[in-house]
Amino acid sequence: MPLCDAEKTFVLHGVDANMRIDGREREDYRPMELETDVVSHAFGSARLRLANTDVLVAVKIEVDSPFPEKPFEGKLEFFVDCSANATPDFEGRGGENLAVELSNCLASAYRSNEALDLKKLCIMKGRKCWKLYVDILLLEVGGNLFDAVSIAVKSALYNTQIPKIKSIHVDGSQIDIQVCDDIFSCTRLDISGAPLMVTVCKIGEHCIVDPNAAEEQCSVGAVVVAVSRGCLSTVLQTGTGSFHPKTLKECLKLGFSVAQNLEDSLMETLGEIKPNQDVGFLK
Amino acid sequence: MPIDHKRINPPEDAVPYKLFTKLNTKSSQEQYQQILDKNQIRKDGRHASEHRKIYMKTGVIAHAKGSAYIEQGQTKIVASVFDPREIPNRLDYCLKGEVYCDFKFAPFSCPKRRLHQQDSQEKEYSSIMKKALEAAICRHEFPNFQVDVYVLVLHNAGSALSAAITAAGAALASAGIPMFDIITSSTLAIQGKDVLLDPDFEEETLSEIAIEKEHGIIVISVLATHDQISHFHQVGNLPLNVVSDSIDILHKSCKEIVPLVQKCVIRSVLAGISET
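Residue numbers (the working numbering), protein chains in the order written: chain A, 1 to 283; chain B, 1 to 276.
The shape of chain A in the complex, shown without the other chains:
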């Protein structure tokens, strides 16, 4: 729904007075709801609800052969699906651009080996490796997709179980992989470096985090800051608009500090989740 000028002015004045339309301050997040292990056919999954934004992420694992230029590394791919349930704008090919933007952003945030060590996914040098398919389904769009998606992806990867390999038989070009029979013996991924993205929106003279759909329409420009282990792994601008170098640095600083707080609380929450819960979404 496009806003009229009066509504935009209302949002703008709210941000100016550090009292946004839903009562938050400029650096506050909306309440989040996180569940892991929701999809039984996936190797790892998570569902995040950030106020009106709803995201479901599932990780599938397959055996593949590594890229010839990176024989020691596994593969990681992101697919974003914009369901037309989320908003009517996504009908047909409407969500395609957003989906490409989101998956590109995730791919560049995870590109560095500091973010996720793909070498751990190698089974046999140059021959076999694990390939992780991270499928992201947008169930509802209520603003701030980048943040929600990155949190859900990190939680899904945290939840992911990679099967253990018992033995590998090599016979010429034939490779036989024997996976461990015990379904409970699997390895977990090290996700301490998995980046979290924070969208910093510039509205009027101030920067805010976690914009809702109305605030996103009022922003003159937004920067997505992906932070992993105290370093910036990706920064990119979304939407049009330009920044003064000074403003850009302020945005980066704000995004960086917010991301670190977010990281701490996410890790705490993930630690609290008990395995095999039988209540929740899709249960």
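All clues given are correct.
Below, in silico cross-link-like pairs of lysine to aspartate or glutamate (DMTMM-like), each with a Cα-Cα straight-line distance of 25 Å or less: (1) B:K26 <-> A:D117; (2) A:K249 <-> B:D194; (3) B:K130 <-> A:E91.
Over the 12 Å line for every Cβ pair with chain B, so calculated as not near, a few chain A residues: (4) A6; (5) N18; (6) F43; (7) E62; (8) N85; (9) T87; (10) V170; (11) Q174; (12) I175; (13) I177; (14) S185; (15) C186; (16) R188; (17) A213; (18) L266; (19) E268.
What the hints contain is simulated information worked out from the structure, not anything from laboratory work.
A virtual CB, placed ideally from N, CA and C, is assigned to each residue, including glycine.
Once you have looked at the hints, place chain B on chain A.
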């Protein structure tokens, strides 16, 4: 990925032969050590903070409304801009005009052969270019219309994206599209403590790999008169203070390119006047 039936494609599992040559037996660490010597001088004799020389020319394509050709070191790029036209298959009226960008590597432009269809990197570059150019163009001047910008990389010797944005800016200006300012762009590659301005292809690929903990590539495009950064893009793993410092370095470097683009545009205008 849809298969291209109109052209003969190489087998999908083809491997560039360079992977088997002796050059490739060096680890990336060894390759990296040769890039910069103790005096911060690079392989091609440039200082680490030195930009490559740029040659630029507008009006290279007769059929396009405006076009530009750029040579940045060995990187060679053609950009062309076509007249605003009505947005196809659009029902509602939009107040601001749209910019369509198409970034393409020629099949022979990189060490590895590129396919004719746009791959994900080219799509990413197109969307970065679109965002960078949208901020520079007065889109309210042509509501409900679309400007097409096509960029073809003939030779990728590093920093292709920023050279493409600079060239596209000059092409837009020579096409007479209303713009707020001339747009220029610059790239920075970082590995450990080394900061390389305008990296070539080898430096760029080595900075993408984590040899040391801090590494990355930053591309920014600048509207110089108003001191505005129209697009900022970073990948890798970099601490906040390094990124902040890099913004200043890149901002300065972008400003240094502006007179060159201005001269180039003025020359094309003068040539147009003398013709009539």
